[in-house]
Structures are given as C-alpha cells and as structure tokens.
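Guided by the hints, dock chain B onto chain A, whose structure is given.
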Amino acid sequence: MTPSAAGALGRKGPPDPGLSGSSALQPDVSSLPDLQFRINQMQSSRLDSRRLPTVPALAKILPGGGLQSGGSYAVRNSATLAMALLAGPSATGAWCSVVGLPEFSVEAAEEFGINLERLILVPDPGAQWLTVTAALVDVVSVVLTRSPAHLAPSDTARLKSRLRQRGAVLITQGTWQQCDSTLSIAESAWEGLGAGTGHLRTRRMKITATNPAGRLRHTYVGLTDLQRSPWQASGAGAAGERSPTPHDGGALFQPALKKSS
Amino acid sequence: MLWCPDWPITAAIREHSLEVHAALALVDGGEVFACSPAARENGVRRGLRLREAQARCTGLIVLPYDPFLDIRSFEPVTTAVETIMPGVQVLRPGLCAIRIKGPSRYYGSEENAASVVLQTLAAIGLTDVRVGIADGPFAAEQAAKATEATEALEDPQAEPLCIIPPGGSPWFLSTLPLDVFEQPRLAVLLKRLGIRSLGDFAALGAADVRNRFGAEGALAHRQSSGLDHFSVVDRTPPLQLEVTAHFEPPLVRIDQLAFAFRRTAEGFVAGLRRAGLVCTAVQVALHTESGEVSERLWQHPRWFDADDVVDRVRWQLQGTNAADHGLTSGITRVQVVPGLVEDLGDHADGLWGTGPDESIHHGLARVQSMLGHGAVLTAVIAGGRLLADRRVYIPWGDSPAAQDKTQPWPGRLPGPVPATVFAVPVPAVVVDARGNPVAVDPRGLVSADPAFFTVGAAIDQRWPVHSWAGPWPINERWWDPGGRMLNRFQLVDSSGSAWLLLLENQEWFSEASYD
Chain A
1 MTPSAAGALG RKGPPDPGLS GSSALQPDVS SLPDLQFRIN QMQSSRLDSR RLPTVPALAK
61 ILPGGGLQSG GSYAVRNSAT LAMALLAGPS ATGAWCSVVG LPEFSVEAAE EFGINLERLI
121 LVPDPGAQWL TVTAALVDVV SVVLTRSPAH LAPSDTARLK SRLRQRGAVL ITQGTWQQCD
181 STLSIAESAW EGLGAGTGHL RTRRMKITAT NPAGRLRHTY VGLTDLQRSP WQASGAGAAG
241 ERSPTPHDGG ALFQPALKKS S
Chain B
1 MLWCPDWPIT AAIREHSLEV HAALALVDGG EVFACSPAAR ENGVRRGLRL REAQARCTGL
61 IVLPYDPFLD IRSFEPVTTA VETIMPGVQV LRPGLCAIRI KGPSRYYGSE ENAASVVLQT
121 LAAIGLTDVR VGIADGPFAA EQAAKATEAT EALEDPQAEP LCIIPPGGSP WFLSTLPLDV
181 FEQPRLAVLL KRLGIRSLGD FAALGAADVR NRFGAEGALA HRQSSGLDHF SVVDRTPPLQ
241 LEVTAHFEPP LVRIDQLAFA FRRTAEGFVA GLRRAGLVCT AVQVALHTES GEVSERLWQH
301 PRWFDADDVV DRVRWQLQGT NAADHGLTSG ITRVQVVPGL VEDLGDHADG LWGTGPDESI
361 HHGLARVQSM LGHGAVLTAV IAGGRLLADR RVYIPWGDSP AAQDKTQPWP GRLPGPVPAT
421 VFAVPVPAVV VDARGNPVAV DPRGLVSADP AFFTVGAAID QRWPVHSWAG PWPINERWWD
481 PGGRMLNRFQ LVDSSGSAWL LLLENQEWFS EASYD
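In order, the protein sequences belong to chains A and B.
With the numbering used here, the residue at position 167 of the first sequence is 167, and numbering never jumps.
With the numbering used here, the residue at position 397 of the second sequence is 397, and numbering never jumps.
The shape of chain A in the complex, shown without the other chains:
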C-alpha cells in the first residue's frame, strides 16, 4: 500500500473500524508463505505502471487512482459498472473487447460513451476462452469477460503475466483470483418508478472497491456520474467528492434505499 493510497483511505475510510481492513497491517505474521503473499499484495503490477483514463467517479476508489495498465479488475454483480470501467479508455480511443458476454447491451454501451467502432465482441468463445482472451489481450487495451467456471492457477498466472507484458487491462464479471480490485454495487436506488406509474429515470449507487488485502473504499454516485467522460473536469463530479458520512447517506432518496443481498 503506497502512502498516498493509505492517506486517501484514511480520509475516505468509513467511520466503522470493522470495514477499514486494518487487520492486514497487523504485524503477527507467523509463516513465510503468508509473508510472501503479503509482499505480492503490496507490489504494484509493474514498476512504471501506466494509468489508463478512467471515469472520475470510479478513479478515486480504484487503487492508484485509476485503471492501471497490466492490471486485472473484477466486477461482482453489475454490468453497468463494467461498462463504466470500459468507457474511460474507449472514450479516449483505446480498442476494447467483450468476450463471452452475449447479453452485453451495445446500446447502453453507447450511452456510456463507448466507441462502438472500436469495440470487438466475441459473444461465444466456447471452449477456447483462454486462447481467445489471450489473443485479444495481445491487441486491444481493455478486455471485458466473464470469469470462467474453472481455470487452472497456472493459466491465471500466465494470463496475468501476459497482461503485464502487453499493458492491457482485464475486467472480469464475477470473481477473479488476485485481482487488483473488486468492485461491486453495495446499495442501489432507482427514482422515477411508482406503483404502476412513471418509468425508471435516475439511479444512485453506493459502489465499493475491495483490494486484495481486504481494504474497502466506497463512493456514492449517480448513473450520470458514471457516464461522464474522463476528460471532463473531475471537480464537476460533485457526487463523487462527497464524503460518506451518515448525514450524506440521507442525501440519497432514503425511502428507496435498501441493502443489497
């Protein structure tokens, strides 16, 4: 954990100490493998890690302040979040690829500012998921995929080293071993819908990012904050700037806000 990241955590960390993940820094390490694991966690993926342009609302909760080239990220329960992660690099001209997600909605992707001309879809890689993903990692900047049910740890390591070598970013829907950060929507509330009236208009979300050490950061954003391109001034991201105090939670439309499962 870099000092800046630790500082950011201290500033943004929720008041509840149980969530702050400080247990990872406790000194009682008994065995060598445990120590090695912790060193691996603290290493960055590459020495001169380049940062890809990222949507400002998500950049502030990701480790290192954005998508690191050569990194891998997991998105737990949301296609919207995955699209928001793709949107930043794509809006700045990077090629993106979506592997094994036949339900990926290109119309929503366009709303997020993803350039469809530079978006490659491989909806059904079949049994050749690893080969196809590796081939695409070679040529495109960001690969979004669904994590396969079974993947040997050696294959994971090979894919990770390829990512680092090529400077590409892997975003998986579902869990992924040793990813740099796992994002998920912790809470979500929709506005515009009544009992048989209206239609869905806006959404507010609490997004959490967990790093491998178990540290947790979160931010409250609206759907429009995720659709803001990385070139627009981050100062305008007023929703993201907001510190998550209990008072602030009340700023969400409180009646609709429920904990997700």
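Don't take every hint at face value.
Unchecked claim - Derived DEER-like restraints, expressed as beta-carbon distance ranges:
#1 A:T197 / B:P437: 47 to 57 angstroms
#2 B:N475 / A:T197: 17 to 27 angstroms
#3 B:A80 / A:Q128: 44 to 54 angstroms
#4 A:T197 / B:P442: 17 to 27 angstroms
#5 B:E248 / A:G174: 49 to 59 angstroms
#6 B:D480 / A:S161: 52 to 62 angstroms
#7 A:A195 / B:R443: 12 to 22 angstroms
#8 B:P301 / A:L130: 17 to 27 angstroms
#9 B:G276 / A:T175: 20 to 30 angstroms
Worth flagging that the hints you see were computed from the coordinates, not collected in a lab.
Small disclaimer: the values here were computed from a predicted structure and weren't measured.
Note that CB positions come from ideal geometry on N, CA and C, so glycine has one too.
Chain B alone, transformed into the frame defined by chain A:
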C-alpha cells in the same frame, strides 16, 4: 464492325440457360429495357411498362437487367475474335470494331476474313452475328444493321455480311433516315427544316452545321458524310487474375480442400501482386459434383493475402452465416474472382508501419480463423422496439448495412438503457399478493398489482416488488400472422435492482436487467 443484335437478351439466355426462342424481357426500373424477337412479335417494345408488356405477351419471362452481365458475357466473344485477328475495340457489349486492313490481306479478301470471324463465333455457339465493312466505324455499324434486310431478300445460305466498297460510304449512308443518329431532338429539328435523310444533311456546309447545331450536330454531320474518324483503338487484353482449382476426385473434407487450395490461393495473391494490385473483395464460387454452385462475395478490412483467401473458402463451406451453403456432394471446382482490386500503392505500409490498427486486424483475424467468421463481431444500433432487435452484429471485416436509427419507434423504451439485454429472454414468474399470476386483459388492464416476482433459475425464491410500472403495450406487425403482442413492465425489487419484463400469451419473460 461486328454486331450481335439484342446482346442483353443473348447474354441473359446464355446465363440463365433459357430456350433460344423464349419470349424474354429484361426490365430496368419497371420498364422493358430489351426484349427477345419472340416477345417483339407479340408487341412488346422497349420502354413499355412491365404490366403492359405482360398483358400483351402472357408467357413473358421477366428478368432484371444487369449491365455487368452483358460486359462479362461479351468477354469470351472478344477473346475468341482476338485469337484470330488482333486489334479489337469493344464499343459496347454486343458491338465491336476490328481494323479490316490486316486480316483482309492475311485471309485473302474481306469476305474471307468476315466468314472466318463468323465461323469462329459459331463454334462458341453464337449464330446471330452480323458483320458490316465500310470506311468508318459509323458507316460499318449501319452496314451491319442493314444486313438484316438484305439477308431476308437473298437465299438463307448467304452470310450476314454487308460490304461497302472503299469510298462508297457517303453513298450508302445518304439513303438512311435521320433516326439512325439516336438523337431524337436533332432528328425532329432536321425534319422540320425539310431534311429527310443523311444525304440531305451531309449536303449542308460543315461550318454552317457547326454554327447552327453545335458540336453534337457537327459530329453527326461528319458521320453522315462518312468522314468520321477511321481509327480503331486496340483493346489491351485484361490480365487474368481469377484462379480456378479443379479437384479430381471431388473433395469432401474441409481440411483437405483448404490444404489443396492453398497453392492456388498463393498463386492468386502472387498474380495480383505482379500486376501491382491488391484485392479488397473476392467472389468465391464452389462447384460440386452434382452441379450445385455456392457463390459469395467476401470483403476484407484491409486486403487479402493467401491465408485470408483460404479462410474465406473454408468459412463459406462451414456455412457460418445465415446464407447456408447447403452443398450435398463433393467439391470439384473452386473459383476465386477478384471482386474489387485497388492499387498496391494505396495500400502500402508506411515507413514505420501503419500503427496499431494493423496489429488489431492481425489479432482479430487469428481469432476469426479459430472460431469462424461470424464469431468476431462489431455492433451497430438499429431501429426496433425490443432491445434485442436494436443491436445488429456485423462480422469483423464486413461492411455494415446502412441503417437509419433516426426513425421514430413507437413503443421503444424510455429512460436509461439496461446494461444487460438477454439474447434469449429468460422465463420469469410474476404473482400478485395472493399468489395468482398477474395477467393483462385485451384492453390493457392489469389483473392485479404485482407483488412478488422471480427471474431465471431461482424459481423457488420470491422477490418482493418495491415499485413497478406498466403495462406498456407493444404491438408488432399486427397485419402479419407472425406479429407479436407484448406488454412490457419495469419492476424494481427490494434490493434496488431493476428488471424489464415482458408478458406474452400469459407467459412472463425477462427482456433485460438494469444491473
């Protein structure tokens, strides 16, 4: 001058292997463009509306007019003439000019040369050919057209040949009517001025004609005097770029074929490269033992090399696309014709390469060769009411069909677009507070407020409905028995995730999820 009357008709008969005396009409833009003699006997004329032509001749076979077919099918004729005498100029399909001076000396006389041409063309199955020989191309064309009348008068054994002796062209042309110019405005004007034939027109002073009728009139005047240009511009025979591979015995396995075709594909690309060309589209034709033909035009985002050509042949056999090949027997012949060629210089790599796009293309071509042509896609957004209809996938390398998404689509979804649109709608269950399924009556009223719902495999769970909206009716193609009547609902569950549900024939499906 060599003239094949009604060439579009001859070409169409040969292409579609129709009967020679069939009543055939070629239609261009709803009007008859050309018709066969049998149709003409029944009163079908050029420029007639299609319906009128069909009324006059009930057994009329109607085909669309294809100018490229004319050009393509005239090519063997030109090649056949070129084998016996050099210097052929194709004026238009069905009409070509040959300089007679050399051949007449070689074959002894003009008659002999003409009969050699007629015999050669009869050998490739072309019998209705007329030859006219005169001082200039215009006079020779008129002479060739005049053979019809003379042929009828004399005995049928005579060859369709009309020779105007040297210097006799003005005399031959002088009796012809003005309509041969195919310039109706000029002809009408001259008739009003009391000029009835080309001879009268030729008698006018050249300077006066130029002053009064301009460049077009001056050209017509020179032609009617038999004094138009005497030159025949030789055709440069085009390069043979297409390749054909024959397989004996027929091949039934794709990998065998790909292996055997590889050398031919390399020869194809090498031939193009020698000509300084690259090919950006190829037409692949596969012929089978039982006479079936599968043809398809393949495009390439950059240009074809040998591997790409072999891949396209393989994909065409695998039938990865909607247009399935449906071949039932072994492949005997594979033909590859360049569809679009461009200059190599326009496609040359820059000094430092052409940047990332080239590597993108190579990487994607690799994935395509693993999974098939239709597995690597780009997407465009098209019009439609259902979300799955609004995305259109295009295989990498194909050009997108022009789509207009600005058209209004009544019934399209308002608000933000869901991020997950299921390719196949997922079954769902929606019940009211008492546990009865929620239905919508024909007037669009909901039987009860939805209270619980489930989507997909978790059919035993029940998620409480937090808020909902609907039904939003979608009535697609009500005039068509295949049309659909749907009702759309938006539901938000207690955890704050939203779903888009469809109700069709009392069955619930989830169309999309706002996850």
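Outcome of the hint check:
1. A:T197 / B:P437: 47 to 57 angstroms: violated (22 angstroms)
2. B:N475 / A:T197: 17 to 27 angstroms: holds (22 angstroms)
3. B:A80 / A:Q128: 44 to 54 angstroms: holds (52 angstroms)
4. A:T197 / B:P442: 17 to 27 angstroms: holds (22 angstroms)
5. B:E248 / A:G174: 49 to 59 angstroms: Between E248 of chain B and G174 of chain A, where Cβ atoms are some 53 angstroms apart, the hint holds.
6. B:D480 / A:S161: 52 to 62 angstroms: holds (55 angstroms)
7. A:A195 / B:R443: 12 to 22 angstroms: At 20 angstroms between Cβs, range holds.
8. B:P301 / A:L130: 17 to 27 angstroms: holds (26 angstroms)
9. B:G276 / A:T175: 20 to 30 angstroms: violated (55 angstroms)
In summary, the numbered hints that this structure violates are 1 and 9.
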